[in-house]
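Visitor: Taking the hints into account, I'd like the entire structure generated from these sequences.
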Amino acid sequence: MEFEIFKSLHSTEIIIDNIFLGGGTPSLLSPSQLATIIHKVKECFEVLPNAEISMESNPASIDKLKLYEYKSVGINRISIGVQSFVKKELGILKRNHSPKLAEKIVSDAVKSGIETVNLDLIFSIPGQSLASWTYSIEKALDLGTNHFSTYNLTFEENTPLWNKMQTGKVVKYNDEVDEFMYFTAIEILTKYGFDHYEISNFAKFNNKCRHNLNTWNSGEYLAFGVSSHGFFEGSRYKNISNLQIYYEMISNGKLPIIDSEKLNDSDYSEELIVLGLRATGLNKAKIEKQMPLFFEKSQLFIEELLKKEFIADSNTHFKLTSKGYALCDSITSKFLNFL
Amino acid sequence: MKNIRNFCIIAHIDHGKSTLADRILEVTGAISQREMVHAQILDNNALEQERGITIKLHAIQMDYKAKNGEIYKLNLIDTPGHVDFSYEVSRSLAACEGAILVVDATQGVEAQTISNLYMAIENDLEIIPVLNKIDLPAAATTKDNVKKQVLELIGGKEEDIIEASGKSGIGVIDILEAIVERIGPPKGDPEAPLKALIYDSIFDPYQGVVVNIRVMDGEIKENDKIMFMSNKTEHIVEQVGVMKMKRERTKSLSAGNVGYITAAIKGLSDTKVGDTITHQKGGATEPIGGFKEVKPMVFSGIYPSDSDGFEDLREALSKLSLNDSAVTFEPESSTALGFGFRCGFLGLLHMEIVQERLEREFNQTIVTTVPNVRYRVTKTNGDVVQIDNPAQMPDRVAIVSLKEPYIRAQIITPDQYVGNVMSLCMERRAEIVDQKYLSETRVELIFEIPLSEVVFDFYDKLKSTSRGYASLDYEFSKEKESDLVKLDIMLNGEKVDALSYIVHRNKAHAWGKKICEKLKELIPKQMFDVAIQAGIGNKIVARTNISAMRKNVTAKCYGGDISRKRKLIEKQKEGKKRMKQIGSVEVPQEAFHAVLSID
Numbered sequence: 001m002e003f004e005i006f007k008s009l010h011s012t013e014i015i016i017d018n019i020f021l022g023g024g025t026p027s028l029l030s031p032s033q034l035a036t037i038i039h040k041v042k043e044c045f046e047v048l049p050n051a052e053i054s055m056e057s058n059p060a061s062i063d064k065l066k067l068y069e070y071k072s073v074g075i076n077r078i079s080i081g082v083q084s085f086v087k088k089e090l091g092i093l094k095r096n097h098s099p100k101l102a103e104k105i106v107s108d109a110v111k112s113g114i115e116t117v118n119l120d121l122i123f124s125i126p127g128q129s130l131a132s133w134t135y136s137i138e139k140a141l142d143l144g145t146n147h148f149s150t151y152n153l154t155f156e157e158n159t160p161l162w163n164k165m166q167t168g169k170v171v172k173y174n175d176e177v178d179e180f181m182y183f184t185a186i187e188i189l190t191k192y193g194f195d196h197y198e199i200s201n202f203a204k205f206n207n208k209c210r211h212n213l214n215t216w217n218s219g220e221y222l223a224f225g226v227s228s229h230g231f232f233e234g235s236r237y238k239n240i241s242n243l244q245i246y247y248e249m250i251s252n253g254k255l256p257i258i259d260s261e262k263l264n265d266s267d268y269s270e271e272l273i274v275l276g277l278r279a280t281g282l283n284k285a286k287i288e289k290q291m292p293l294f295f296e297k298s299q300l301f302i303e304e305l306l307k308k309e310f311i312a313d314s315n316t317h318f319k320l321t322s323k324g325y326a327l328c329d330s331i332t333s334k335f336l337n338f339l
Numbered sequence: 340m341k342n343i344r345n346f347c348i349i350a351h352i353d354h355g356k357s358t359l360a361d362r363i364l365e366v367t368g369a370i371s372q373r374e375m376v377h378a379q380i381l382d383n384n385a386l387e388q389e390r391g392i393t394i395k396l397h398a399i400q401m402d403y404k405a406k407n408g409e410i411y412k413l414n415l416i417d418t419p420g421h422v423d424f425s426y427e428v429s430r431s432l433a434a435c436e437g438a439i440l441v442v443d444a445t446q447g448v449e450a451q452t453i454s455n456l457y458m459a460i461e462n463d464l465e466i467i468p469v470l471n472k473i474d475l476p477a478a479a480t481t482k483d484n485v486k487k488q489v490l491e492l493i494g495g496k497e498e499d500i501i502e503a504s505g506k507s508g509i510g511v512i513d514i515l516e517a518i519v520e521r522i523g524p525p526k527g528d529p530e531a532p533l534k535a536l537i538y539d540s541i542f543d544p545y546q547g548v549v550v551n552i553r554v555m556d557g558e559i560k561e562n563d564k565i566m567f568m569s570n571k572t573e574h575i576v577e578q579v580g581v582m583k584m585k586r587e588r589t590k591s592l593s594a595g596n597v598g599y600i601t602a603a604i605k606g607l608s609d610t611k612v613g614d615t616i617t618h619q620k621g622g623a624t625e626p627i628g629g630f631k632e633v634k635p636m637v638f639s640g641i642y643p644s645d646s647d648g649f650e651d652l653r654e655a656l657s658k659l660s661l662n663d664s665a666v667t668f669e670p671e672s673s674t675a676l677g678f679g680f681r682c683g684f685l686g687l688l689h690m691e692i693v694q695e696r697l698e699r700e701f702n703q704t705i706v707t708t709v710p711n712v713r714y715r716v717t718k719t720n721g722d723v724v725q726i727d728n729p730a731q732m733p734d735r736v737a738i739v740s741l742k743e744p745y746i747r748a749q750i751i752t753p754d755q756y757v758g759n760v761m762s763l764c765m766e767r768r769a770e771i772v773d774q775k776y777l778s779e780t781r782v783e784l785i786f787e788i789p790l791s792e793v794v795f796d797f798y799d800k801l802k803s804t805s806r807g808y809a810s811l812d813y814e815f816s817k818e819k820e821s822d823l824v825k826l827d828i829m830l831n832g833e834k835v836d837a838l839s840y841i842v843h844r845n846k847a848h849a850w851g852k853k854i855c856e857k858l859k860e861l862i863p864k865q866m867f868d869v870a871i872q873a874g875i876g877n878k879i880v881a882r883t884n885i886s887a888m889r890k891n892v893t894a895k896c897y898g899g900d901i902s903r904k905r906k907l908i909e910k911q912k913e914g915k916k917r918m919k920q921i922g923s924v925e926v927p928q929e930a931f932h933a934v935l936s937i938d
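Chains as they are written, first to last, in this note's numbering: chain A, 1 to 339; chain B, 340 to 938.
Calculated directly from the structure, the hints in this document are not laboratory data.
This one's a predicted model, so the numbers in the text were calculated from it and none came from an experiment.
Hints should not be assumed to be uniformly reliable.
What the hints assert, rightly or not - One-sided excerpt, in silico: chain A residues whose CB lies under 7 Å from chain B:
hint, residue
1, Arg236
2, Tyr268
3, Glu270
4, Asp329
Glycine is no exception: its CB is placed at the ideal position from the N, C-alpha and C atoms.
Guide: This is the structure we're talking about:
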């Protein structure tokens, strides 16, 4: 329905390069429900024949059969929230799957023929050792994973984990441990031929996630469904998160957008820096065009970063090195001072 | 004139002066119950009410029908209640013939009360002792002892002491009767040439400066041509009146009266507290004694937090000085902080008040440096210079001698804390001058201490070491030569001028170490190692290191996060604005105050 409402409001033809099914656990949907959604998108928009169709999943909500069915309805990239292959660590993260199940699901996913299999892995889990972190990465490699997203555990305020940290029941590692774990992942994965193409993302050959790359390159994307976010015609927008109101709006033929922000020139400049640094680097030509004085103003800082090997100069881009990635937020905020 | 009584109230903070004053105003009908809603009329500045102290002087006139059937004009002249303002206190005492000495019946006499009391006695004021808060349960056991203390101080008989309670109104009539009976009418000759004492002045945006005066001799009328004797500035009087709840014009004031004048005076700099007003023609030849130019004792750099804010800050300081003539300010610049002002204050409390007023009343966001005193430096070429900014201290080799101001501190403490107080003072390079028992359990200690050693945290330390019982009063004594050195702080080799500090040679190492540690705590990790060093001349006396930040990255960033992330970054940017860039090191503004929070 939402697709149709959107289409009725926009006359321009929209070409779709990738479909991303995520947020929550889309693997709870049956393959036939997924097929309906994908079919609807294809009906309403022009979807390229080689489009990436990606979904997120949890090991506990999928099985071998589902995986084969996903493949048959057109899914060609699956992301599995494994987090770790160590029982104790999964316990701390309150994940309801066992390492054994995770191993089986990953192996089945690879065998199913879905082209890209991504694993989410988390490091700096309280009690995690460098050896157990290495074990999880290597286990995933053994199973044939060709895309990794590795995340530093974050302690979000007022979560059970946060409360445990406050009461001293778990200990949060310091930034030196974080850095060490992060560098270990980079070292292992690049050794196995993975391209470290974004702060947290590693991919074999052409397995880079097009959806994410598009985001980081300030590309447009449409949002459908409760609580989803989109970027279209210069505006970032958000759908309503209340399911009931969502239904009401849809049945009244309205788009369920709750919040929309048109990016002004300086927002756009900021995003060029913020998003660029995370992935492909600062695009010299693009930035020069958007902000003619930027590189002149930041010259000393850039020289310092080059000298300290926080960034590398590829002629077209200034891209963060591994060391630079680790300090991405600090470097980003310094760059923003030059806007 | 025989039915005029001019008096003030001497009390320690918290001993209930304002509440008692409110009751007196109420009983005499100067204010109605309805106006009492906002209790403590005299402290009418928000900051004063919050801190429970009086900063600016106030005066109020009441009519009181005494038991003898006659109607008296009572002028209550308020006094500020803090050591920083002791000169102002002395001038308001000079405007009175009597003083009510208010002592908390449960707490006894404190240092500041004593020094103000001594000042009142020197001014030949009649003292009316009042034991306040007499209705507190604890007073039953403490009052006899407190009475004994009071009698030891002022002599007299026990029955002269009035028991009162500002809260319930006990004894208020007795106080009023005592004012009428015991305090004499003002002396002075209405026919003599005009002599009026300025005991305070305030700035009114509509009328210009309102000068509060006590007419000693002669008469002052509207349209009179007058002169301020200290600086010979001349004015024509516009309004003459008395202070009730509001100003009331009386057109003239004659000898013995207390009131105000306006004369289209633009700024407070002309109207100096303690100065004498007389007529331009046929005026007095000799001013009233006791006039002093008030000099700032404590200095601090005040900088706009945002470097664009210099002009705004200048305007705010100019406006603020319209009703605070004691603050001085001169532009200065710092490599670390940019353009700002070196400001002079009467003392630490005064400094805090000015800083707070700048932020609250004038919406300034400011960075302040560690306060320091003024040094007198004799250079090898014979020049003598005064230094009120440590960064400007000449090189050691160019200095023959360095003098620093000392104060004479009077501390009164229960005897069980004498040891603690002594060791605190000794740490601060104090020399003990005198020690005596005021009563069986209360000791008065007199020290000579370098002012620089008390400008920060001394008062708090004194309070904590004596569980709040010791009280302090001080006066400037003299300048003395000391073996002082300038301690510089370097961040990654770059000297931070705003952090330079003058310290005694024997303490330099320990200080250096503490400051380095404190800065390490306050300066967040940067993208590279930061070396913090403290040095005297070329010699490094302490050092520490802030290791580089190792990882600072938000791992996830998907479509939905982008708006949120941008807002987060914008917030960080705001935070960064409050950081000062020194070389490549970002220093939070609190760091410039670091020394203040060192144990």
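Visitor: Do the numbers back the hint for Tyr268(A), that is, is its least Cβ distance to chain B under 7 Å?
Guide: Where the cut-off is 7 Å and the nearest Cβ of chain B is about 10 Å from Tyr268(A), the hint is violated.
Visitor: Do the numbers back the hint for Arg236(A), that is, is its least Cβ distance to chain B under 7 Å?
Guide: Since chain B brings a Cβ to about 5 Å from Arg236(A), closer than 7 Å, the hint holds.
Visitor: Would the hint on Asp329(A) be counted as holding, given a Cβ-Cβ threshold of 7 Å to chain B?
Guide: Result: holds, 5 Å to nearest chain B Cβ.
Visitor: With chain B as the partner, please determine if Glu270(A) meets the hint condition of a C-beta pair closer than 7 Å.
Guide: Glu270(A) check passes; min Cβ-Cβ to chain B is 6 Å, inside 7 Å.
The structure does not agree with numbered hint 2 stated previously, though it agrees with all others.
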